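Asks: Protein chains in written order, with my numbering: chain A, 1 to 237; chain B, 1 to 228; chain C, 1 to 479.
FYI, nobody ran anything at the bench for these hints, they're computed from the structure.
Wrong hints could be hidden among the right ones.
[As the list claims (entries may be wrong)] Within a straight-line C-alpha distance of at most 30 Å, the following computed DSSO-like cross-link-like pairs (lysine-lysine) qualify:
1) K38/C <-> K144/A
2) K179/A <-> K398/C
3) K167/A <-> K31/C
4) K464/C <-> K418/C
5) K61/B <-> K38/C
6) K179/A <-> K418/C
7) K47/B <-> K186/B
8) K130/A <-> K167/A
9) K222/B <-> K188/B
10) K432/C <-> K224/A
11) K144/A <-> K179/A
12) K167/A <-> K9/C
13) K31/C <-> K144/A
14) K31/C <-> K221/B
15) K6/C <-> K179/A
16) K61/B <-> K188/B
17) K67/B <-> K221/B
18) K398/C <-> K102/A
19) K67/B <-> K38/C
20) K38/C <-> K47/B
21) K31/C <-> K165/A
22) K418/C <-> K432/C
23) K61/B <-> K31/C
24) K47/B <-> K188/B
Treat the numbers as computed from the prediction; the structure is a model and nothing was measured.
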Amino acid sequence: MTVTLFVPCFVDLMFPEVGISVVQVLERLGHQVECPEQIACCGQPAYNSGYWAEARRVAVPVLERLSGAEAVVIPSGSCGAMLHVFYPELFAGTPHEDAARKLSARCFEFSDFLVTRLGVTDLGARFPAKATFHDGCHGLRELKTHDQPRRLLAQVRGLQLLEMKEKVCCGFGGTFAAKFPMISTAMGEVKCAQAAETGAEYIISNDSSCLMHIQGLLGRQGSKMRTLHLAQVLAQT
Amino acid sequence: MTEREKILGRIREALVSPAPGPAMHDTGREPGLDAVPAAGSRQWLPKVGDTFAERLELFRKNTAELKARFELVDSPQALADRLVALRDTEAWKKVGVHQGELTGPAVEVLGLPVCRTDTDYNVADLESCDVGITECDALVAQTGSVLITSRSAGGRALSVLPPHHVVLARREQLIADLPEAFSLLKRKYAPDYPSFLSFITGPSRTGDIERILVLGAHGPKKLTILCV
Amino acid sequence: MSAPVKEFKQQAARLTHDLRHRELIQTALGKYELVRDKSQRAFQDWEAARNAAAQIKWEGINHLEEHLTQFVRLLESRGTQVHWASTGQQARELILGIIRRQNARSLVKSKAMTSEEIHLNEALAAVGLEVVESDLGEFIVQLRREPPYHIVFPAMHLSRGEISDLFRRELGSAPTQNPEELTMIARRVLRQKYLAADIGLTGANFAVAETGMISITENEGNARLTAALPRTMITLLGIEKILPHFEDLALFLPMLATMGTGQPLTCYNSFYGGPRQPGESDGPEEFHVILLDNRRTELLADPEQRDALHCIRCGGCLNVCPVFRNIGGHTYGTTYSGPIGSVLTPHLRGLNQWQHLSHASSLCGACTEVCPVKINLHHHLLHNRRNAAARKPAFGQKLAFRIFAAIVTHPTLYQMAKSAGRLLQPLHPLVKGTRLDPAYAWTHTRDLPRVAPQTFKEYWRARKSVPPENDRRAATPHP
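Produce the complete structure using the sequences and hints provided.
Replies: Okay, structure coming up:
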C-alpha cells in the first residue's frame, strides 16, 4: 500500500535518521512511502498552550493535505496522539469536524502501524546490545501503545530488553520543558537514573521529543548511555 | 431568598446544560446508565466463597493481617473461659459494657467494676476502663470488619475510647461482604436508623510518620473478636 | 507575573533541587504503590469498579438538587440542624455563631479539607478559641504552623527525626526516633482535648442521600472520638460529596481506601445521621451539618469539566503525578494540590491567577489513568489552558504561535527559518548557558541538538532523483 509518512518538525530538523529508518523499514516490507513536503507540524505546541485558533491554522493544511491518504504513519507518540485523539476535539463544532474524525481513523503511530495494522513483528533486525524502553506518555496513554514496541523489539536479534521499574513521564511535555524547565529537568533526572539502574547501554523510545530531552540531560551528565528511536533499531540489519 | 434557595437555584441553573455521560473519554461506550450500578458491585469487589467454612477462613485471614485477634469458640462456657483468661493476661481492672445477650453473662463472669453505657454515663468513668466489651451487627468476611451501631454496641464511645475493644459475636453473624452488610443494615433498621453506624476494620492505626504503621493512634490499640 | 505564579516558580525551583526531598517522596510513594497495586489486584475487576463508580458519581452530580434535598430532609427529620453556605465567609460565620451561642472555649477537629479551604483555623484562633487538630498528620503540621503537604498524608514530607524535634520543642517531650513512641506522645496530649472539648468539628468523605447520613473514613479513631464526646458536633462538607444510595458505599469505601492508602479498607468507616437520638446513651446533643458551595456551582455549570466534582479526594492522582513528586504539595500554594488541585483551583479561586497550575504539567495522563471515578483530569488541564488563553490571551504567546503557524505552513518561510537556524547555530556556543541565550530555558540544564546537515525533507527531495536501491545511507545511531 501507499503509506503517508508524517514527519514531525523536530524529526525533520534534528533527527532525520529517524525518518529515514521508518522509510527503510516500510520499504523493506514492500510498501510505497510518500511524504508530503508542505506540512511540517501537527499544531500541538499551540494546542497545548491553549491557543486553539492558532493550532487550527497549522492543523487545517495538515487535514487537507492528508485527506486522501490511505494510511498515515507518525514516528512519534505525541504527534500521533495529536492527529488521532486531539484533532477531533480541536475541530469539534467547526466545518472540519468530520474531516478530522475521518483522518483520525487513518492515523497510526509507527509501532502500532506495524504490529496492529500490518500484523508484522519480525523485521529481520539485528542489534546486539542491552537496552531499555521508554514509553512516551502520549503514545502510552492516549494511543495505548505499550505492547507493540515490545513485541517488535522482542524479535530484534541480540537485543536484551531491560525494563525500568516505572513507566513515568520523562518531563519533556512540549512547551512545558521551556516554561517549567526546573520541573522538566527534575523529572528527566529521575528518568535517567531509572534507566541507568537497568544497566542498559541504550534508551529506546517511540518518541524523539522525549529522546531529545533525555539525551540532552545524559549529555550534560557525561553519561555513556545513548538514545535511539525504535525505528532506528528496527532498521539495523 | 435563603442561602438554601440560592444554592439550589444555582444548581438547577447549572444543570440545564447536560454533561457527557460518565467516563466517555476512554471507553467509547454508548451512554446508557445502569439503574443501580452498585448492585453489581459484588462481582467486582474481592471474591468471597459461598460456604461458612470459606468465609470463616477469609475472616480469620483478614483479621490476622489487620493485627486483630479473632477466636471461634465452641460454647458459651468456652466464651466465658476465654474472657476470664483475657482478663488475667491483659490485667483488666475495670470494664466498660452495654446490656446484651452475650455481654450480660460476660460481665457476670469477669467480676470486675463496670461502667455501663446503656443510658447516660460519665465519660471520665468510661475513660478509666481498660476494656470496652460490645456486641455487633455483623462480621464481614470480605474485609475482616466488625459492623456496629450505637444501638448494637452501647453508644458511640464504648467501642473506641477504652484502649482495648472486645467484640462478642455469634457465628450466624458472619456475612460475606460489604454489599450484604448494607442490605443487612437496611433490613434491620430502615427507616429508623441509629445516629451512628460503623465498620471497624482492625485496631486503630496511623501511617502518618514516614508511612510506618503504628497501632493505637487514638482508638483502641487492641481489637479482640470472640465468636461463639 | 502575578504573585501566585512567582511563588510557585520559586518554590518549584527550590524543591526540584532538593534531592533529599526527592528521595523521601519517591521512597514513601514507592511503598504506597506496592500496597495500592496489591489491593487493586484483589478486586475481581478494578476497571469495571471504576466504570461503576464514575457512573454513580455522574448520577449524583447530575441530579444534585434531588439528592441534596433528600439528604437534608432525612438529616433534619432526626434533629440535625442543616445550614447552607454560599461562600467560605458564610461558613466561617455560621461556625462562629454556633461557638458564640454555646460560649464554647475549645474545639477539637478531625481532618476536614474543606476547613482548610475556608481558612477556618485562623478565624477561630482570632476569636481566642483553642483549636486542636486531632489527626496525627494534621496535628504535626499545625504545630509546625504550616499547611498540610498532601490531602491524605499531611506530614509526608517530614522524617521521624524532624517530628521528634518538633514534639520536643512544642510539647516538651523526650526526643525519640521511634514512630510508636512519637504517636503515643500525640495520643496522650490529644486524649485530654477530646474529653474536654466543647465542640467537635469534622469533614465528611461522602453524603448519602438515600439515608441522610454523612460518611467519615479514617484510620486513627480521632474522628469517631470527635463525633462521640463533645456536646456539639459540626460537620462541614462540600455539596459535591453526594452519593445517591447507601449501598454505593460498598463500592466507594474499598476504592477510596485502595487509592488513598493502599489498604483494602480503612480502619473506621462511620456514618452519622443525627445528634443523639432518644434511647441512645451518648453522642452530641446538637449536630450541625454545613453544606458548602464556595464556587462549586460554577464548576457544576461547566458541562465539559463538571466531572471534576466527582472527585472523592483519594489523593491517588497526587501520588502518581511526577510533577507533584518533584515539587511537593506545598509548592502549589493551594488547599488542593496535585492534578485535581490544578484542575479545580482555577474554578474555585480564579482562572487568570491560577492557570499556571494547569500549565505546570507535561500532560502525561498518569492521573487520568488511576482516577477511581475516571475524571478526565489531564484533558481538563488542556481545557483550562484553552479557557485562559481565550479569556485573556497573552499577546506575546499568541503572536509567537501565529508566526510559528505561518512558518510551518509555508515551505518558503520554513526554508528561511531553517537557513537562519543553520547560520546562527555556530554562534550559539558563544551565548550558550548564559542569560543571553534564547534557548536558556533548555540549555541551562540540557544539551541542545543541532539542526542536521541534511534535514529529512531535504533528503527526501534529493532521494526522489536517486533510486532507493542506491541509497546506502544507514540510519546511524544518534551521535
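Asks: CA of K38/C to CA of K47/B, is that 30 Å or under?
Replies: Cα-Cα ~14 Å, so holds.
Asks: Hint check: K432/C vs K224/A, CA-CA at most 30 Å. Holds or violated?
Replies: Given that 30 Å is the threshold and the Cα spacing comes to 23 Å, the pair holds.
Asks: For the pair we were handed, K67/B and K38/C, check the Cα-Cα distance against 30 Å.
Replies: Cα-Cα ~18 Å, so holds.
Asks: Holds or violated: K179/A and K418/C, Cα atoms, limit 30 Å.
Replies: It holds: about 23 Å lies between the C-alpha atoms, which stays within 30 Å.
Asks: Sort out whether K9/C lies within 30 Å of K167/A, counting only the CA atoms.
Replies: holds, 26 Å
Asks: Can you confirm whether the C-alpha distance between K6/C and K179/A stays at or below 30 Å?
Replies: holds, 13 Å
Asks: Does K188/B sit within 30 Å of K47/B, going by the straight-line distance between their CA atoms?
Replies: holds, 25 Å
Asks: Keeping to a limit of 30 Å between CA atoms, is the pair of K144/A and K179/A held or broken?
Replies: Answer holds: K144/A to K179/A is near 27 Å, not above 30 Å.
Asks: Would you mind confirming whether the straight-line C-alpha gap from K222/B to K188/B stays at or under 30 Å?
Replies: This hinted pair holds, its Cα atoms lying about 28 Å apart.
Asks: For a C-alpha distance cap of 30 Å, please report whether K418/C and K432/C respect it.
Replies: Holds, at roughly 19 Å.
Asks: Taking only the CA atoms, is the gap from K398/C to K102/A under or equal to 30 Å?
Replies: holds, 29 Å
Asks: Taken at face value, is the distance from the CA of K221/B to the CA of K31/C at most 30 Å?
Replies: It holds: about 24 Å lies between the C-alpha atoms, which stays within 30 Å.
Hint violations for this structure: none, all hints satisfied.
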